[in-house]
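Please take these sequences and the hints and turn them into a complete structure.
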Amino acid sequence: MKENELKNEKSVDVLSFKQLESQKIVLPQDLFRSSFTWFCYEIYKSLAFRIWMLLWLPLSVWWKLSNNCIYPLIVSLLVLFLGPIFVLVICGLSRKRSLSKQLIQFCKEVTENTPSSDPHDWEVVAANLNSYLYENKAWNTRYFFFNAMVCQEAFRTTLLEPFSLKKDEAAKVKSFKDSVPYIEEALEVYFTEVEKQWKLFNTEKSWSPVGLEDAKLPKEAYRFKLTWFLKRISNIFMLIPFLNFVLHICVTGNVPSITHLVSRVDSFHVGTRFPKYKGFDYEHGTQDAVLVDYYK
544 MKENELKNEK SVDVLSFKQL ESQKIVLPQD LFRSSFTWFC YEIYKSLAFR IWMLLWLPLS
604 VWWKLSNNCI YPLIVSLLVL FLGPIFVLVI CGLSRKRSLS KQLIQFCKEV TENTPSSDPH
664 DWEVVAANLN SYLYENKAWN TRYFFFNAMV CQEAFRTTLL EPFSLKKDEA AKVKSFKDSV
724 PYIEEALEVY FTEVEKQWKL FNTEKSWSPV GLEDAKLPKE AYRFKLTWFL KRISNIFMLI
784 PFLNFVLHIC VTGNVPSITH LVSRVDSFHV GTRFPKYKGF DYEHGTQDAV LVDYYK
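Take 544 as the starting number for the sequence shown in our numbering and just add one per residue.
Simulated from the structure, these hints should not be mistaken for laboratory data. Heads up, some of the hints might be wrong.
Claimed, not checked - Derived lysine-lysine pairs resembling DSS-like cross-links, with alpha carbons at most 27 Å apart:
hint, residue 1, residue 2
1, Lys762, Lys774
2, Lys639, Lys651
3, Lys651, Lys720
4, Lys709, Lys639
5, Lys651, Lys607
6, Lys639, Lys715
7, Lys680, Lys588
8, Lys639, Lys739
9, Lys651, Lys710
10, Lys680, Lys651
11, Lys710, Lys739
All of these numbers come straight from a predicted model, not from anything done at the bench.
Structure follows, in structure tokens:
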């Protein structure tokens, strides 16, 4: 009995220490009023935004020197309406490019801090990467990741899914080059932590089907799937994945299905406690499985 009490006291001490340690971590979500203000700040600090603002200087000179106002007006309208789209596209590509150049450091942070599928475990990784990217001039602000969930989502979209879906080793080396061994080690650590969390979840039986008789599926609560989807993206925190969806259309020219977008939004919003599942199904209330080698 005494040994068990000592073990429980030690576990409580470790838990409290981790909670205190996580409280000391400062992320952009603690500094900005919302993700929208953070997003505006990132746009304001970007090079694309400054270029867009500088374009108005020659336009104003043209307005004064030109005898015909039609052409300056047309160009000004194009700059006014197409400029923000240009800024969003360039900023999105810049973020993706900056992160793709720091995959090894990303993997090192994951290996060292051993995060699981719990978004809180990613706070240290997000804070360290924010500092690293800024100090090494890979990003122009200290706020690359808004919060831990954004960092976790970046891990899935940048490393977990692309690497796991490539079956051939040659394809992995071609895509990720020298980062392959670091990615493999990071994924192994991540899956180990997820397995521990999954076993703990099963032993504690934290999921209880109480009150499921009265639960309604979204199909029963909403008349149309579009209404359900608009309700989900109405939250301000859904702005980033929705803009990412628009950016994907602008860059690639491909229009993903609404189900794919809902899955991405749901993943960003909920954090998906278990990474083998992504997205809540509108009609059946089930989760869509992400194909990774580990779960096959």
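Comparing the hints with the structure gives:
no. : hint               : in the structure
1   : Lys762 with Lys774 : holds (13 Å)
2   : Lys639 with Lys651 : holds (18 Å)
3   : Lys651 with Lys720 : holds (16 Å)
4   : Lys709 with Lys639 : holds (20 Å)
5   : Lys651 with Lys607 : violated (56 Å)
6   : Lys639 with Lys715 : holds (18 Å)
7   : Lys680 with Lys588 : holds (14 Å)
8   : Lys639 with Lys739 : violated (31 Å)
9   : Lys651 with Lys710 : holds (23 Å)
10  : Lys680 with Lys651 : holds (18 Å)
11  : Lys710 with Lys739 : holds (26 Å)
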